[in-house]
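Chemist: Sequence:
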Amino acid sequence: MINLFNAQIESLSIHRVGNKNRGENIFVSASTFHLNDEIKPLIKEYFLKPFREKEETYYRFHHETDIEFNELYNLANQVFDDPFNTHEYSKKIATLLYEQSTHPHIKSGEVYVVYFEGMQMDNEKVSAIGIFKSELKHDFLQFEQKQSNLEMIVQQGVNLQKLDKGAIIFNKNRDEGYKILSVDSNRYDTKYWLENFLGVDVLADENYFTKNYLNFAKNFAKDVVLPAEDKKQEVMFMNRSMDYFAKNDDFEESNYINSVIDNPALIPEFQNYKVEKAPKYKVEDLTNFPIANKAVTDARKKIKNVITLDTNIQIKMDFVNADSAEKFVEKGWDEEKQMYYYLVYFNKEEKK
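Heads up: take any position in the sequence shown, counting from 1, add 961, and you land on the numbering used here.
Hints listed in this document are in silico derivations from the structure and should not be mistaken for laboratory results.
Accuracy of the hints is not assured; some may be wrong.
Unchecked claim - Below, computed lysine to aspartate or glutamate pairings styled on EDC-like, alpha-carbon distance capped at 16 Å:
#: 1; residue 1: K1262; residue 2: D1204
#: 2; residue 1: K981; residue 2: D1150
#: 3; residue 1: K1123; residue 2: D1166
#: 4; residue 1: K1123; residue 2: D1100
#: 5; residue 1: K1183; residue 2: E1230
#: 6; residue 1: K1243; residue 2: D1166
#: 7; residue 1: K1263; residue 2: E1014
#: 8; residue 1: K1277; residue 2: E1310
#: 9; residue 1: K1255; residue 2: D1083
#: 10; residue 1: K1133; residue 2: D1211
#: 11; residue 1: K1053; residue 2: D1043
#: 12; residue 1: K1241; residue 2: D1184
#: 13; residue 1: K1235; residue 2: E1245
#: 14; residue 1: K1192; residue 2: E1085
#: 15; residue 1: K981; residue 2: E1071
#: 16; residue 1: K1086; residue 2: E971
#: 17; residue 1: K1015; residue 2: D1259
#: 18; residue 1: K1263; residue 2: D1211
#: 19; residue 1: K1068; residue 2: E985
#: 20; residue 1: K1152; residue 2: D1162
#: 21; residue 1: K1292; residue 2: E1214
#: 22; residue 1: K1005; residue 2: E971
#: 23; residue 1: K1052; residue 2: E1032
#: 24; residue 1: K1179; residue 2: D1191
#: 25; residue 1: K1192; residue 2: E1287
#: 26; residue 1: K1133; residue 2: E1085
#: 27; residue 1: K981; residue 2: D1083
#: 28; residue 1: K1243; residue 2: D1162
#: 29; residue 1: K1255; residue 2: E1310
#: 30; residue 1: K1262; residue 2: E1014
#: 31; residue 1: K1265; residue 2: D1191
#: 32; residue 1: K1005; residue 2: D1100
#: 33; residue 1: K1123; residue 2: E1156
#: 34; residue 1: K1235; residue 2: E1214
#: 35; residue 1: K1053; residue 2: E1085
As the list claims (entries may be wrong) - Distance ranges between label pairs, derived from CB positions:
#: 36; residue 1: K1262; residue 2: H995; range: 35 to 45 Å
#: 37; residue 1: N1249; residue 2: Y1301; range: 36 to 46 Å
#: 38; residue 1: K1238; residue 2: Q1039; range: 37 to 47 Å
#: 39; residue 1: D1184; residue 2: N1134; range: 35 to 45 Å
Owing to the predicted nature of the structure, the values given are computational and were not obtained by experimental measurement.
C-beta atoms are modelled at their ideal positions from N, C-alpha and C, and glycine is treated no differently.
Starting from the given sequences, assemble the full structure and let the hints guide the process.
Modeler: Listed below in structure tokens is the structure:
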């Protein structure tokens, strides 16, 4: 897990990178940008807010080989070894990005290279390199008082509420490949940022495994459990799944299947679904792995435990205990009305 709250900007360099194929130039600043007390908190929030709001999917640099060498990995090594000269390395980083800015959809923009101290990863303080890019310019209004009237002036600038592209390289596990977080809000060319510039692979760790398997389980519930049974059983399957992941440190597939699938007829359906869909959700070889609590918490927030009825009524089943739906919600058929019904048991109404 990461904590960005105490991160401090030690160095900030700003350059401008155009689209090379359109004949646009690169502009590199002669020196670092001096941050005053007014700008510092605003620009720090601009850089780091997107990483606090997204799931932690880590990437890492490709390993160095005789055939392929990742220049950005080399530059990161130099920055971490010699942080006082970050600005000089930032020029090379901007140039490297410029060389990759050839796709016709890529927009010109400002590139910010930041050296951070005080990042926290897995309860350890580490330094980090931030590489950020602002591409889209937004209209905003300025007002100027002229004699007895206010004049309205339209100007363009960067929206500090939305970072277009960004990556944070954490100074940890150099030999294995630095851990990297990335955001790309615009995705004009998905290969441009992650593959061509950063040159990274997804880091297949417990967070990655847990997130992928829970995504696979959620879609099995929607594609198989719901059509075979009903919405209540789909919700209960996912609640039992979340309960299993929350209560266990390690995932073991056969144990998971026996814990969450009540209907034996669905077990071969689950196995067939995995054979068919595993490549899509990247769970082909996942039968045992450590469970990441952060990924479980993130997944739980996205699960919609709501039964929507055609009578304009919704039943929200927000359960900590996965057995609650079985104990307190019953589904039945009313012969007289020729309609299904849900019977809900409770002791008292919560006054919230």
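Chemist: All hints are to be evaluated individually against the structure, with a verdict given for each.
Modeler: Verification of the supplied hints:
1. In summary, the hint linking K1262 to D1204 is supported, as the alpha carbons are separated by about 13 Å, within the 16 Å threshold.
2. For the suggested pair K981 and D1150, the alpha carbons sit about 15 Å apart, so the restraint of at most 16 Å is met.
3. The suggested pairing of K1123 with D1166 is violated, with an alpha-carbon distance near 28 Å, which exceeds 16 Å.
4. Between K1123 and D1100 the alpha-carbon distance is near 14 Å, which keeps this suggested pair within the 16 Å criterion.
5. Among the hinted pairs, K1183 with E1230 is consistent with the structure: their alpha-carbon atoms are about 13 Å apart, no more than 16 Å.
6. Pair hint K1243 plus D1166 holds up; C-alpha atoms about 13 Å apart against a cutoff of 16 Å.
7. With a C-alpha separation of about 13 Å, the suggested pair K1263 and E1014 falls inside the 16 Å cut-off, and the hint holds.
8. Between K1277 and E1310 the CA atoms are separated by roughly 14 Å; this keeps the pair inside 16 Å, and the hint holds.
9. Restraint check: the Cα-Cα separation between K1255 and D1083 comes to about 12 Å, which is no more than 16 Å; the hinted pair holds.
10. Restraint check for K1133 and D1211: the C-alpha separation of about 25 Å exceeds 16 Å, so the hint is violated.
11. At most 16 Å may separate the alpha-carbon atoms for a hinted pair to count; K1053 and D1043 meet this at roughly 14 Å.
12. The suggested pairing of K1241 with D1184 holds, with an alpha-carbon distance near 14 Å, which does not exceed 16 Å.
13. For the suggested pair K1235 and E1245, the alpha carbons sit about 8 Å apart, so the restraint of at most 16 Å is met.
14. Only pairs whose Cα atoms come within 16 Å are accepted, and K1192 paired with E1085 is rejected, the gap being roughly 44 Å.
15. Proposed proximity of K981 and E1071 is supported: the alpha carbons are some 14 Å apart, at most 16 Å.
16. For the hint linking K1086 to E971, the alpha-carbon distance of about 15 Å falls within 16 Å, and the restraint holds.
17. For the hint linking K1015 to D1259, the alpha-carbon distance of about 9 Å falls within 16 Å, and the restraint holds.
18. Of the pairs offered as hints, the one joining K1263 and D1211 is violated, with about 22 Å between alpha carbons and a cut-off of 16 Å exceeded.
19. Among the hinted pairs, K1068 with E985 is consistent with the structure: their alpha-carbon atoms are about 10 Å apart, no more than 16 Å.
20. A C-alpha spacing of about 12 Å is found between K1152 and D1162, which places the hinted pair at or below 16 Å, so the restraint holds.
21. Distance restraint check for K1292 and E1214: the Cα-Cα separation of roughly 30 Å exceeds the 16 Å cut-off, and the hinted pair is therefore not satisfied.
22. Between K1005 and E971 the alpha-carbon distance is near 11 Å, which keeps this suggested pair within the 16 Å criterion.
23. Under the criterion of a C-alpha separation no larger than 16 Å, the hint pairing K1052 with E1032 is consistent with the structure, at around 13 Å.
24. Only pairs whose Cα atoms come within 16 Å are accepted, and K1179 paired with D1191 is accepted, the gap being roughly 14 Å.
25. A C-alpha spacing of about 13 Å is found between K1192 and E1287, which places the hinted pair at or below 16 Å, so the restraint holds.
26. A threshold of 16 Å between alpha carbons decides the hint, and for K1133 with E1085 the separation of about 10 Å falls inside it, so the pair holds.
27. Simply put, K981 and D1083 have alpha-carbon atoms about 40 Å apart, too far for the 16 Å limit, and the pair is violated.
28. The hinted pair formed by K1243 and D1162 meets the criterion: a straight-line CA distance of about 14 Å does not exceed 16 Å.
29. Distance hint between K1255 and E1310 is unfulfilled; the C-alpha atoms sit about 32 Å from each other, more than 16 Å.
30. Note on K1262 and E1014: the hinted pairing holds, with a Cα-Cα distance of about 13 Å set against a maximum of 16 Å.
31. For the suggested pair K1265 and D1191, the alpha carbons sit about 15 Å apart, so the restraint of at most 16 Å is met.
32. Our distance criterion of 16 Å between C-alpha atoms is broken by K1005 and D1100, whose separation comes to about 22 Å.
33. Proposed proximity of K1123 and E1156 is contradicted: the alpha carbons are some 22 Å apart, above 16 Å.
34. As the CA atoms of K1235 and E1214 are separated by approximately 11 Å, the hinted pair is consistent with the 16 Å bound.
35. The straight-line distance between the Cα atoms of K1053 and E1085 is roughly 29 Å, outside the 16 Å bound, and the hint therefore fails.
36. Against the hinted window of 35 to 45 Å, the Cβ-Cβ separation of K1262 and H995 comes to about 40 Å, which satisfies the hint.
37. Look at N1249 against Y1301: about 40 Å separates their beta carbons, and that is inside 36 to 46 Å.
38. With their beta carbons about 43 Å apart, K1238 and Q1039 fall inside the hinted range of 37 to 47 Å.
39. Between D1184 and N1134 the CB atoms are about 37 Å apart, so this pair conforms to the stated range of 35 to 45 Å.
Going through the hint list in order, the structure does not satisfy hints 3, 10, 14, 18, 21, 27, 29, 32, 33 and 35.
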